[in-house]
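Use these hints to put chain G onto chain Y, whose structure you have.
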Amino acid sequence: VSSGALHEELASLDLRPPGAWGDVCRSLLRGLPCAHVLLEGSYVFPGGASHPFSFSAGVPVEVVTPAKCLALPLAAEARFSARLECHRGPGEVEFGAAELELLESLRPLLLERARADVQLRLVPLLQHAIEATFELADRPVMLFRTGDPQPLQLNDGAQWLWARDPGFQAGARVALQGGASDFRVLPVADGSARVVLVYDGDAATAMRLARATKVWALTPREVEVLELVTLGKTNADIGCVLACAPRTVEIHVTRLLEKARLENRASLVARFWAGEFS
Amino acid sequence: MSAEQLEDTITRLAQLRVGGGSDWPALMESIRVLTGAEVAGEYALEVSTKGPRLTWVRAAGAGLEQVTRVTQNIPGVNGTGPSHLAYDPCRIAPEQRNAVVTYEELQRAGKISEAGIAHLGQLFERETGVWLDRQLRVILCEGASMLGFLGLFRRRGAENFGRRERRALSRLVPALRERHQLEVRLSDEALHEATLDTVLEAMGQPAWVVDAKGHVLHSNRAGKSALDAERQETQERLRRRGSSLRVADLRGPGLPAYSLLVARGTEASVEARLRDCATAWNLSPRVVEVLRGVVRGLSNVAIARELGVVERTIEVHVSTLLEAARVENRASLIAAVYGGA
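Just so you know, the protein sequences line up as chains Y and G, in that order.
In this text, residue positions in the first sequence follow this note's numbering: the first is 1, and each later residue adds one.
In this text, residue positions in the second sequence follow this note's numbering: the first is 1, and each later residue adds one.
If you are wondering where the hints come from, they were derived from the structure by calculation, not from laboratory data.
From a predicted model like this one, the values you see are computed outputs, not experimental measurements.
Be aware that one or more of the hints could be misleading.
Distance windows between CB atoms, simulated [said to hold, decoys possible]: (1) 90(Y) <-> 46(G): 55 to 63 Å; (2) 46(G) <-> 169(Y): 19 to 27 Å; (3) 163(G) <-> 69(Y): 57 to 65 Å; (4) 164(G) <-> 149(Y): 34 to 42 Å; (5) 204(G) <-> 169(Y): 21 to 29 Å; (6) 69(Y) <-> 55(G): 39 to 47 Å.
A short list of chain Y residues far from chain G (calculated; beta carbon distances all over 12 Å) [what the hints assert, rightly or not]: (7) 26; (8) 56; (9) 58; (10) 78; (11) 90; (12) 170; (13) 179; (14) 181; (15) 221; (16) 243; (17) 248; (18) 251.
The beta-carbon is built from N, C-alpha and C at its ideal position, and this holds for glycine as well.
Excised from the complex, chain G in its bound form:
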């Protein structure tokens, strides 16, 4: 292994074609040779309701076919028995993220047992004819999410992976990660679309993702039924973006402007609460108007100005309200209207 070979591999990683499946085998092979491994293999897992499932495998050294079979049969993958993965595919522990480790280290950390290593070795032997029980591996991660697993294997009795191989693999990690991230991004669109639709459904109010012209890209069920019931009115409302909508602008590099619009529930509910209070506290229409000012946080002077009366009149009304709500002060009155006291 030379420094040039390592640099060359890093450069090639950075220049891999997107979705260029054909370039990977050669690259895996050079990683295998670079680290003096018998087998080099990569795979990714997807966590599903039935446990982790294999999404892809690529390998060099023992024939792609066989390694795929081995990986599929690793206990803990594809619903096959207790986990021998030595990591939690749902959430990679911080110390395992992008860290280069050997079987021995995993064993010392209590992540895998002697029997587990033997079991995997046997599995390899059955499928490939080689008992592999020397491993150097790294779990490529983005945050706690697993992007992929890269393992280098040597046969039983061979020299263990040393500092040089470990350094080489560590040097490859950033480029490998970046590559995997890009691939994940490219395959993530469907996932994000589905997630967005579900999250929109969680909103209490009608919600829409629209472009600058008001075209609807996504909406939740409440948003859809608003469109179905009153298409023109709703579209007009989405175009005008009045105060009945809360707006969050969405921007991506090189993208037209999109926005998330959510119908505002608060105003309706304030009015509903004022009506409830009017009934419960037996308030005159005039006093309700004063109360509306109070819950908006207006001072007596401001309310008097709005209603065209003198401040003293408002003071009297507020006293009536405090008595009716059986509270001591204005803040408690506001809380009482919202049911918070």
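The following block holds chain Y by itself, in its conformation from the complex:
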């Protein structure tokens, strides 16, 4: 394997985890060649948490002598630090200047890969954190791109109101154009022209109904019944409002209790108002 071919091979390996570094080790094993290639180190993620890793190819050499060991320390912006070692066994010749030079020439490529690797791991985490924040927010939250009237991302409560309440949509548009409304406008600070809208109007009931619908997997009719039950309406009252027999309402309530895995109406109402859906 020529130096050029090894460069090309390494460059063409897929970056995406998992297994990406294993492929790098295998390429080096064939390209140098040697008996064992080992990459050990750790990712250091924001907050200082470090996550050790170890990749290898080939068969470990029992006794490694300095002349049969090539080592390359790799560090990328304090986020990735590792040591690459290539070992030759008893039957193989010692490493020379050419191999050392080759390995050194691969450093930029390996560092580029390390940086990309860290980012490819971090971005999904950040995305996940954004989603979780949306989920746990106690009020409707939406993410927009500037100039785009359609939200990029909404939490359950915002989705609920967006789909049902034209006034909510209208208020959001007013806020996006800089007008006064019940929305707080929080621009994303990196100049990416994204904007977070937070609804500070009364949305407590909508948030709860949206959560309950999702967590308890309710049908639209069950949601209507739930809303009235939580206001303390009796089955007869609910039957009047929804134009159906009290007996039908009773069936819906029974189904609601089953889905929420609760014993009685009062605990359903209590859970709903406490916002505890599980």
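Leaving out everything else, chain G in the frame of chain Y:
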């Protein structure tokens, strides 16, 4: 154009080096040759408060310099007049996502006018000396988001792009998309960090993103001031993850465990509401204790057991509460405590 050339281009796309700017020109050139185009050009736009702005351009055929100038001057980009883009960069219409189309088709769909095509052709001529008014293009998308624009152009009077070229470009779309997605991911970290900070700010309560040891990575202002005011207590609280915190675990492939912790507002507010009710309804401390049980959804039997009295006593207290709240039943009483009735 041969099938081998096409396959070769697809393979090379899949094997492009990350951030390997040097590999793109050759690749653009082979796409240009593959489709018999005079010019092949790619660009990406970023939508900002001042309208769409060009983030990068790469081209083959008419010299990179010139094509960059043309692209920068496309009406609708970089604040230059009404849009001639024939698409909405904020949100690509479903039928335009990753679809290979020609000027004629766009014209038939009312996306661009004859005058618009002429205007762009003129722009090309001014900068490159060639009037290009035959176009085959695709907007590479992830969902409604635009990853990039790839356009192939031929000069005025040349044969229009046919089925073969269209098929070739369509075959390239998946590999092109995948490549662009990867590049976007790699450049997205700053965007996601900033977005996360802003979204955290939207939370009503203090919120923190922490690692398994309780180190804080991100927090909103309320979360920061809690840390500033009582660092040790707050850190201890984040480590213990008691019931005063809501927890969402965050996991990414090959990542240590992180969590989103949000201070729970509900309990405080239930107590506040009970206090309000006690005052408004003039309740004795004993009755408030019964009410606390009721809003937790407990039955009379359960409340009696907790308070160490007989069930009948609780029944009497609940009647008092119903009267005080002027409601008919227990569910209405709970709703009334939360202000929902």
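So, going through the hints one by one against the coordinates:
Checked against the given bound of 55 to 63 Å, the beta carbons of residue 90(Y) and residue 46(G), roughly 58 Å apart, stay inside it. Here the CB-CB span from residue 46(G) to residue 169(Y) is close to 26 Å, well matched to the stated 19 to 27 Å. A C-beta distance of roughly 59 Å is found between residue 163(G) and residue 69(Y), which places it inside the suggested range of 57 to 65 Å. At roughly 40 Å, the beta carbons of residue 164(G) and residue 149(Y) sit within the given window of 34 to 42 Å.
A hinted range of 21 to 29 Å holds for the C-beta pair residue 204(G) and residue 169(Y), which are about 22 Å apart. In this structure the hint that residue 69(Y) and residue 55(G) lie 39 to 47 Å apart at CB holds, the actual value being about 45 Å. With a least CB separation of 16 Å from chain G, residue 26(Y) remains clear of the 12 Å interface cut-off, as annotated. Even its closest Cβ contact with chain G, about 16 Å, leaves residue 56(Y) beyond 12 Å, as expected for a residue assigned away from the interface.
Once the 12 Å rule is applied to beta carbons, residue 58(Y) is consistent with being away from chain G; the minimum gap is 23 Å. Against the 12 Å criterion, residue 78(Y) stays outside the reach of chain G, whose nearest CB is about 15 Å from its own CB. The Cβ of residue 90(Y) lies farther than 12 Å from every Cβ of chain G, with a closest approach of about 35 Å, so its non-interface assignment holds. With a minimum CB-CB distance of about 19 Å to chain G, residue 170(Y) clears the 12 Å threshold, and the non-interface call stands.
Once the 12 Å rule is applied to beta carbons, residue 179(Y) is consistent with being away from chain G; the minimum gap is 16 Å. Annotated as non-interface, residue 181(Y) keeps its C-beta farther than 12 Å from every C-beta of chain G; the closest such distance is 15 Å. No Cβ of chain G approaches the Cβ of residue 221(Y) within 12 Å, the least distance being about 19 Å, so the stated non-interface status holds. For residue 243(Y), the condition that its CB be more than 12 Å from all CB atoms of chain G holds, with the nearest at approximately 21 Å.
Every CB of chain G is more than 12 Å from the CB of residue 248(Y) (nearest about 19 Å), matching its label as outside the interface. Taking the minimum C-beta to C-beta distance to chain G, about 18 Å, the non-interface status of residue 251(Y) holds against the 12 Å cut.
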